[in-house]
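Novice: Below, each chain spelled out in residue letters.
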Amino acid sequence: MLKLAVVAHKDDNVATTVKDLSKGENVLVDIFGTEKNITLKEDIPFGHKFAIKDIKKGEEIFKYGEEIGQATQDIEEGEYVHVHNVVSERGRGDLEVDAK
Amino acid sequence: MKLEGYKRADGKVGIRNHLLIIPASVCASEVAKAISERVNGAVYIPNQHGCCQIGPDLELTTKVLVNFGKNPNVGAALVVGLGCEGVPTKKVSEEIAKTGKMVDYVVIQENKGTVNTIAVGVKKAREMAEKLSLMKKEEIDISEITIGIECGGSDTTSGLASNPAVGYVSDKLVDLNGTSIFSETTEFIGAEHILAKRARNEEVAQKIMKIVLDCEKKANTMGVDLRSGQPTPGNIEGGLTTIEEKSLGCIYKGGTRTIEDVLAYGDMPSGKGLYIMDTPGQDIESITGMLAGGAVLIIFTTGRGTPTGSAIAPVIKVCGNPESYERMKDNIDVNAGTIIDGTKTISDVGEEIYSQMLEVINGKFTKAESLNHREFGIYKMISTF
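Taken in sequence, the protein lines are chains R and C. Going left to right, the first sequence walks through residues 0 to 99 as numbering that gives the first Met the number 0 numbers them. Going left to right, the second sequence walks through residues 0 to 384 as numbering that gives the first Met the number 0 numbers them.
Please note that a few of the clues may not be correct.
Just the calculated beta-carbon pair ranges, DEER-fashion [unchecked claim]: (1) C:D347 x R:H8: 44 to 52 Å; (2) C:S369 x R:D73: 50 to 58 Å; (3) R:P44 x C:L370: 24 to 32 Å; (4) R:G57 x C:L212: 19 to 27 Å.
In case anyone wonders, no lab produced these hints; they're calculated from the structure. Even for Gly, the Cβ is constructed at its ideal location relative to N, Cα and C.
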């Protein structure tokens, strides 16, 4: 079967699509050896992300095993993850710079 | 593959033999352009600055113009000034001459206006072009090559395909004792802690953290949110949600080797290996900085597709998005979309880029070169006065 989405790191909670995918579609994602079947709750365009597990409002979104932003609302498995429900935490001026 | 290039008097190695016409300021750009159009093998850079700049900006413009002239791909240079600008035409010419290459200058106000200056400039440039045509390529080693690595028009395929593949090339070049520079400080935001771990020593790690912090602060002192410009609308359309996500994908282009040092914009590395240059994320300004830093070739990754080239160096375009590659084949050299569709691995495409790079070193035109894409832009910190 052709790959439909990729998970970049074992700790990630999102997958990136490599095809335009439609609402209702079942996508098999390989999370570093563990396969998981996810039903998409929305259309996900090529190169965009969907949640591979439930994410609570205020939790971090992980891609490449690193934080890429914070969820601004609860996101369910299979939901579209993008600028409408994720916010950057850097370069804003209103947050302390997290210089690790 | 046996490699050939131009061995310069200062010991550097170039892979092209350009006659570069350098306008000292925006006021001399039209004349520089006119001279370059009249002489075989001449190229010019459209300098938008050079006058009414103050302090660090004036120094930066001067440094970039001098270092462009010093770039090993430049065989000879002619500096064109208006006469009253901030950048000193004669001094730029003298600085470039320290490399031992042919350099001359011409000043519009000292030559009865533009018509006569163009005539004088063409005469000088023609003589240089003739001498350049007699220069022979010699055998060179890959360890003498410095490349610059850029990413632009990114989407989510950049971090998953083209950047890791180019990172493979950077690692390979560094292992062969060559030099690789990657840049775009804005696109380290959110990924700086990963880069800092790869620093040669604690001092270099601190420098990496500092340039990123300074970049964020700079946006904030303008009273604006960095998010208004980064990610760009195209990045977002391509699936990139935040600057952190963009950065984490971007840094793959720098491979995995030790980071020797952080270079200021337009500065040359003091040794071999992998370097970071502190530049903006804007592609043209970033590439201009790395070319001033002595890169003789740029590898440029993209997801959305971009046409960028340079007057003095070949730019190899690598695209991770199979659809963009099909759409913009005229501008893109390597299809890394094969990683996305699962037909090739990162190292397969890395090897493909590496062998393309060797051909380009030996003279093969990249798409940007054959289409005369010659973008140029100097980074500017403050306004003109």
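Novice: For every hint, state whether the structure bears it out.
Specialist: Status of the hints after comparison with the structure:
1. C:D347 x R:H8: 44 to 52 Å: At roughly 22 Å between Cβ atoms, R:H8 and C:D347 fall outside 44 to 52 Å, so the hint is violated.
2. C:S369 x R:D73: 50 to 58 Å: holds (52 Å)
3. R:P44 x C:L370: 24 to 32 Å: holds (30 Å)
4. R:G57 x C:L212: 19 to 27 Å: holds (25 Å)
Going through the hint list in order, the structure does not satisfy hint 1, though it satisfies all others.
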